[in-house]
Amino acid sequence: MDAVIRLGDRLVPVDSKFPLESFNRILSSDSDDAKKKARREFISSVKKRIDEISGKYIRTSEGTYDFALMYIPAENVFYESIVRDGDAGDGKSIFNHALEKHVVPVSPGSFYAYLLAVAYGLRGLQIEKRAEEIWGELSRLRTGLEQFGEDFQVLGRHLDNARGRYADADRKLGGLHETLRHISGDDENLPPESGR
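Following the working numbering, the numbering of the sequence shown begins with 1 at its first residue and continues without gaps.
Be a bit skeptical, because a hint or two may be false.
To be verified - Here are the simulated distance ranges between beta carbons: (1) 124 - 28: 38 to 48 Å; (2) 59 - 29: 31 to 41 Å; (3) 2 - 123: 18 to 28 Å; (4) 30 - 121: 44 to 54 Å; (5) 121 - 16: 18 to 28 Å.
The hints are simulated quantities; they were obtained by calculation from the structure and are not laboratory data.
Even for Gly, the Cβ is constructed at its ideal location relative to N, Cα and C.
Please put together the full structure from these sequences, using the hints given.
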């Protein structure tokens, strides 16, 4: 592995070893048959390299993501291996083979874009996770507010009952004072009325 990039709490393995000699044979071939043969060898070499990257560097138990990046060092090589996208007689293109193996081919021009896409995707997952946490907290808060509302209503009823009882008691006390005044005829020696 040539590099590792830390994104969040995990690692993205990056490998840039590539069958450049095999690619150069395509370019230096004189005939169409020689080019086809060199291209088949090139495709086969690239697929073997993909298998190697997948087997060696994708180690989720050791903190990597479940994919690796295969850095293809030149745009023309990237074009030949990925954009032209051929197979070596096995019916499977390089790109499809890479995706099956969780290896993402990148070029100098697309490397940064892929890293940004991964980083934004991870940020989106973190936002989604945080949103779920906030939603859980809001749900607990709503339950707490509902319980508080019920308790507050009960308290209000108790206060209304207490106010009503106080008013009843005050009226009864006033009535008793009136009765006592009427019986005794002496307003000056009576105890004062409460609340009045």
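Evaluated hints:
1. 124 - 28: 38 to 48 Å: Since the Cβ atoms of residue 124 and residue 28 sit about 46 Å apart, the hinted range of 38 to 48 Å holds.
2. 59 - 29: 31 to 41 Å: holds (38 Å)
3. 2 - 123: 18 to 28 Å: Between residue 2 and residue 123, where Cβ atoms are some 26 Å apart, the hint holds.
4. 30 - 121: 44 to 54 Å: holds (46 Å)
5. 121 - 16: 18 to 28 Å: Distance hint for residue 121, residue 16 holds at roughly 23 Å.
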